[in-house]
Structures are given as structure tokens and as C-alpha cells.
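Participant: Spelled out, the chains give:
Protein chains: 2
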Amino acid sequence: TAAEVTRFVEHVRVDYLPHTVLVDCTASAAIAGRYAEWLAAGIHIVTPNKKANSADLAYYHRLHEARRAGASHYLYEATVGAGLPVVHTLRDLRETGDEITSIEGIFSGTLAYLFNVYDGRVAFSEIVQEARRRGFTEPDPRDDLSGQDVARKLIILGREMGLTLELQDVRVESLVPAELAGGSIEAFMAQLPRYDAAIAERLAAARARGKVLRYTGTLSAAGEATVGLKELDAHHAFANIALTDNVVRFATRRYCDNPLIVQGPGAGPEVTAGAVFADLLRLAAYLGARL
Amino acid sequence: TAAEVTRFVEHVRVDYLPHTVLVDCTASAAIAGRYAEWLAAGIHIVTPNKKANSADLAYYHRLHEARRAGASHYLYEATVGAGLPVVHTLRDLRETGDEITSIEGIFSGTLAYLFNVYDGRVAFSEIVQEARRRGFTEPDPRDDLSGQDVARKLIILGREMGLTLELQDVRVESLVPAELAGGSIEAFMAQLPRYDAAIAERLAAARARGKVLRYTGTLSAAGEATVGLKELDAHHAFANIALTDNVVRFATRRYCDNPLIVQGPGAGPEVTAGAVFADLLRLAAYLGARL
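So the protein lines, in turn, are chains Y and R.
Numbered as in our numbering, the first sequence ends at 356 without a single skipped number.
Numbered as in our numbering, the second sequence ends at 356 without a single skipped number.
It should be emphasised that the hints constitute simulated quantities derived from the structure, not laboratory data.
Owing to the predicted nature of the structure, the values given are computational and were not obtained by experimental measurement.
It is possible that some hints are incorrect.
Claimed, not checked - Computed Cβ-Cβ distance ranges for the label pairs, DEER-style: (1) R/R236 to Y/T91: 26 to 32 Å; (2) Y/E238 to R/F73: 55 to 61 Å; (3) R/G333 to Y/R133: 33 to 39 Å; (4) R/C321 to Y/A349: 37 to 43 Å; (5) R/D322 to Y/A262: 30 to 36 Å; (6) Y/A246 to R/T166: 40 to 46 Å.
What the hints assert, rightly or not - From the structure, some residues in chain Y lie toward chain R, with a derived Cβ separation under 7 Å: (7) I96; (8) E160; (9) D310; (10) Y320; (11) L325; (12) Q328; (13) L348; (14) Y351.
Claimed, not checked - Residues of chain R placed beyond 10 Å of chain Y at every Cβ, according to the derived structure: (15) T85; (16) Y124; (17) E195; (18) G227; (19) V237; (20) A265; (21) H300.
Note that CB positions come from ideal geometry on N, CA and C, so glycine has one too.
Work out the full structure, taking the sequences as your base and the hints as a guide.
Facilitator: See the structure below:
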């Protein structure tokens with residue numbers, strides 16, 4: 066409860082310790098809603114929780130004002146691509162005066178996997194079923210298929226680029242049929258095969274043009290943000306990733322002929338914990354620790 | 066001269082400034098030889114100069130002891146891959162407890178370019194000539210073709226992995242014929258066509274096996290370090306980079322099924338300056354600046 070969280074924060078914030086850091090490993094919007102208050106009080110925050118940075122812009126600005134007012138640090142590398150150097154790399158580029166032209170990528174390990182595997186021989190709904198069994202999807206696969214998770218990551222990167230994007234500004238193509246958005250997980254999984262023909266048709270159409278289907282996110286310098294299924298050339302870098310790989314491609318003024326690309330597993334407990342731990346060490350260095 | 070460098074260091078190190086940082090953008094071994102003394106005196110160093118970290122191990126250890134003794138920071142992200150997040154990423158992985166299995170990559174933009182372009186239709190020596198004209202090689206192309214620059218980068222990464230490697234431990238396949246190692250640049254360029262047949266044969270042999278030729282560097286956890294021409298599968302990630310791209314692939318305990326890959330232009334004044342500047346901002350953050 067909120068009262069318990071308050072008691073917890075009071076408990077960790079004691080005068081005889083020089084620094085307090087809260088590591089929020091939940092995905093809770095309620096916890097993320099407290100960040101501004103904590104940062105203003107000088108409490109540092111390290112988190113893989115996307116909710117604060119993808120909340121409405123007013124809160125986002127309040128967060129960063131609170132951070133400045135509290136002289137506290139707010140580190141969230143793990144929010145995009147887990148342990149892959151994404152937020153970091155983007156910030157280094159911007160802070161050293163580069164201009165970001167576009168960011169494109171496959172930001173969901175789940176959706177990467179589904180379309181890496183889907184070749185038309187096995188029905189799409191069966192691949193979803195199998196991915197769920199193997200733990201590659203959220204308990205409710207609609208959380209992945211809706212594209213909302215990818216949209217949140219785009220918002221985080223877009224704001225890091227300096228864009229004033231709101232979540233509703235992202236054009237999201239959801240793979241969850243509107244009729245199945247509500248209801249139980251079981252009902253959803255049972256109904257999903259009815260939509261296999263439609264997605265099989267998309268694949269066939271892409272193939273007829275020599276393309277493959279990939280679920281991507283794209284951000285432009287002009288502030289356009291789109292998330293959805295895209296037909297890509299079979300030789301495209303995004304067409305040749307494996308398993309649950311994420312891939313992020315930064316095109317910038319400096320990296321114009323060839324973009325800067327970061328690729329690899331972008332989700333999972335181990336790599337996420339690694340990223341949170343790396344942020345914690347970075348915080349220690351900022352606070353004067355000699356590592 | 067050494068005396069001038071000493072006077073310069075005395076000049077920048079004044080009591081009324083809280084911090085002193087020297088940014089060494091030379092490639093000088095003599096300047097790099099002074100780092101230990103400066104770090105011990107509390108002067109921070111930011112540099113793209115590979116010479117200090119690839120010097121003999123005794124000096125390398127002395128450097129890092131001096132850094133600890135002087136409570137100073139020594140930042141050198143730009144030594145490998147310029148602005149690509151390489152040193153950084155490796156350090157985060159190690160410091161958070163990951164174990165590096167191997168690091169493989171194309172670490173030379175020049176050699177990447179030469180073998181991306183070389184398809185047997187134009188003689189290799191002509192491609193070298195053309196690359197030199199376009200400024201893609203060092204003034205003396207032997208500095209690239211010898212593989213020494215790649216070997217130095219491997220040493221830097223190997224030591225970052227915790228290996229006790231000396232430069233002479235790296236097995237380097239030089240593309241400079243032994244007879245042409247000495248003498249003027251012009252004599253070298255004039256003689257190079259005599260070796261075109263030999264390299265054309267290597268390409269033909271690779272092709273007969275369905276492979277391509279790429280100049281790569283490889284480090285194993287066991288401490289094996291090799292640099293040279295390798296036959297790669299045509300679908301290999303390293304076979305499909307463009308222009309002067311570098312690519313670095315980290316296989317670790319966490320990134321075991323799929324490695325973590327960083328790719329993009331890894332040399333050039335703009336991206337190198339960007340990396341040096343990013344290190345400088347990081348230093349400022351370590352010293353308490355609120356950015």
C-alpha cells in the first residue's frame with residue numbers, strides 16, 4: 066500500500082547514511098508516481114520500470130526538475146533493451162552535440178521471436194501459444210501483442226532525443242484484434258486462431274514482394290513515432306536477427322552514411338539485473354566512489 | 066620536447082582550480098609514457114591514444130596503481146571503435162559479474178573497407194591505392210596492413226577482460242610482405258602489385274568454400290589473441306557490414322545464446338572527438354557536476 070511505501074522510504078532514509086538509493090524493480094505506475102517526491106528529497110533512483118519516463122509529459126518534466134532540485138541521480142538504462150547500451154549511447158551522442166536523425170529498432174524480444182519463427186508453415190496463433198509456454202511472452206500475451214510496451218520504449222528514447230512526445234502520439238498497430246482486447250487470457254488464446262488467416266495473408270503479400278515481416282518501432286527527428294508490422298527487405302539487418310534479439314539503429318549527423326547499431330538479447334532477468342547493477346555502480350562513481 | 070610537456074603540465078596545474086584534466090589527442094608513446102606520473106599527481110586523463118594501455122604490462126599496472134594512488138580518473142573509450150560503446154560496455158559487463166567467453170570483431174575501418182570492396186575484379190593493390198587517395202588509410206598504409214593497430218586494440222580489450230596479455234602474445238597475420246616492411250611509402254606502393262596474385266588466390270580458395278575474406282581480431286577467455294584474415298560464411302554478421310564499419314561481438318555467460326553486438330563507423334575525427342567529449346562529460350559527472 067501507499068502508506069507502507071512511505072514507511073519503507075522513511076526507514077531507508079536515515080541521517081547517518083550519506084546517500085539513499087531506491088532500486089525499483091517493479092513495473093508499477095503507482096511506485097513510479099512517487100519518483101518526483103523522492104528525487105526532490107535527494108533520494109537517488111535506479112530502475113528498469115518504464116512507467117515514469119513514459120507517463121504524461123507534465124510528470125516527466127516534474128521528475129527531471131525534482132532531480133535537479135534534489136541534486137539526485139535518476140538512472141534507467143534497463144528500461145530499453147535491458148543490458149544493451151541504448152539509453153546511454155543516445156545520451157552520449159546528444160550531450161556531445163550530435164543530432165539524431167532517426168532511431169529504428171526491434172524493441173520487443175517477444176515480437177522479435179514471433180516473427181523470426183513465423184514462416185507460414187505453423188499458424189501464428191500456435192507460435193504465440195508455444196512462445197507463451199516457453200516463457201517468452203508476458204503471462205497475458207496481449208501485453209506484448211498490443212505494441213504498448215514498444216510504444217513506451219519509443220517514448221523514453223524520443224524524450225531522450227528532446228522530443229515532446231506523449232504516449233498517445235505514437236501510431237501503434239496492435240496485433241490484438243479489437244474484439245479480443247477484453248476478456249480472460251484463456252478466452253483470448255482460444256479465439257486467436259480465427260485471425261490466423263489474416264496474418265498469413267500479410268505474410269504472403271510481403272513475400273510476393275520479396276520481403277519479410279518484422280514488428281518495428283521508428284522515431285524521426287520531426288517527432289513521428291510509429292510502431293507496427295513492417296515489410297523489410299530480406300537482406301535488411303533487422304531481418305537477420307535471431308531468437309529474442311533486440312536491435313536499435315541510430316542514424317545521426319555523425320553516423321549518417323552508416324548508422325550506429327546495438328544488437329543482442331534485450332530482455333530477461335539476468336541481463337536486466339546486470340543493467341540495474343551497472344547503473345548502481347555508475348551512481349557510486351558519481352557520488353565519489355573509486356572503483 | 067619532454068621539458069616543454071613538463072612546463073605545460075605545471076602551467077595547467079594550478080592551486081586555484083579544483084581539478085586538472087589532460088586530454089591527450091596524440092598517438093605518441095612518449096606522451097603516454099607520462100600518464101603514470103600525471104595520474105599519481107591527481108591529474109585526470111582522457112584520451113583516444115592507444116599507446117599507454119597497449120604498452121608492456123608492467124607499465125599498465127603502474128598506470129592503474131597511479132590512478133588509485135592519485136584518486137584520479139583515466140578514461141579511454143575512444144581507443145577502441147571511437148564513439149561506439151565498446152570499452153564501456155565491456156566494463157559494465159565485467160563489473161556486474163558477467164564472464165566474458167570471447168570477443169571477436171572487425172576493429173579496423175581501413176581493413177574493413179578493403180575487404181568489403183575487394184571482390185577479385187580489381188587488384189588488391191589498386192584498392193589500397195584508391196583507399197589511400199580517399200583518406201581511408203594512414204599516410205603509410207602499412208600502419209593499417211600490418212595489423213598492429215588491431216593488435217593494440219585487442220590488448221586493450223583483453224586487459225579490460227582481466228587477461229595479462231603482452232602485445233607480443235598476439236598472433237598477428239601481417240598483410241605487409243616482409244620484404245616491403247622497410248623503405249619509403251612510394252617504394253612500398255610501387256611493389257605491392259607483385260603480391261596481388263597471392264591474395265587473389267586466397268580469395269578464390271575462400272570462395273570455392275562459399276566463404277568471404279575478412280580481417281578480424283579474436284580474444285578468448287583462455288587468453289588466446291589472434292589477428293588476421295579469416296574465411297567467414299557469407300551469411301556471417303561480419304560479412305555484411307558496409308564501408309568502414311567496425312563490429313564487435315561480445316559472447317558472455319549472460320549473452321551466450323546470442324552475443325551482444327555493437328556496430329558502426331569506428332574511426333574518423335568526428336566520432337572520435339564525440340567519444341573524447343563524452344568521456345570528459347563523464348569525468349565531470351564523477352567529479353560532482355550536475356548535468
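Participant: So, for every hint listed, does it hold in this structure?
Facilitator: Hints, verified against the model:
no.: 1; hint: R/R236 to Y/T91: 26 to 32 Å; in the structure: violated (50 Å)
no.: 2; hint: Y/E238 to R/F73: 55 to 61 Å; in the structure: holds (59 Å)
no.: 3; hint: R/G333 to Y/R133: 33 to 39 Å; in the structure: holds (35 Å)
no.: 4; hint: R/C321 to Y/A349: 37 to 43 Å; in the structure: violated (28 Å)
no.: 5; hint: R/D322 to Y/A262: 30 to 36 Å; in the structure: holds (33 Å)
no.: 6; hint: Y/A246 to R/T166: 40 to 46 Å; in the structure: holds (43 Å)
no.: 7; hint: I96; in the structure: violated (23 Å)
no.: 8; hint: E160; in the structure: holds (6 Å)
no.: 9; hint: D310; in the structure: holds (5 Å)
no.: 10; hint: Y320; in the structure: holds (6 Å)
no.: 11; hint: L325; in the structure: holds (4 Å)
no.: 12; hint: Q328; in the structure: holds (4 Å)
no.: 13; hint: L348; in the structure: violated (10 Å)
no.: 14; hint: Y351; in the structure: holds (5 Å)
no.: 15; hint: T85; in the structure: holds (17 Å)
no.: 16; hint: Y124; in the structure: holds (21 Å)
no.: 17; hint: E195; in the structure: holds (17 Å)
no.: 18; hint: G227; in the structure: holds (15 Å)
no.: 19; hint: V237; in the structure: holds (27 Å)
no.: 20; hint: A265; in the structure: holds (26 Å)
no.: 21; hint: H300; in the structure: violated (8 Å)
Taken one by one, the earlier hints fail for this structure at numbers 1, 4, 7, 13 and 21, listed in ascending order.
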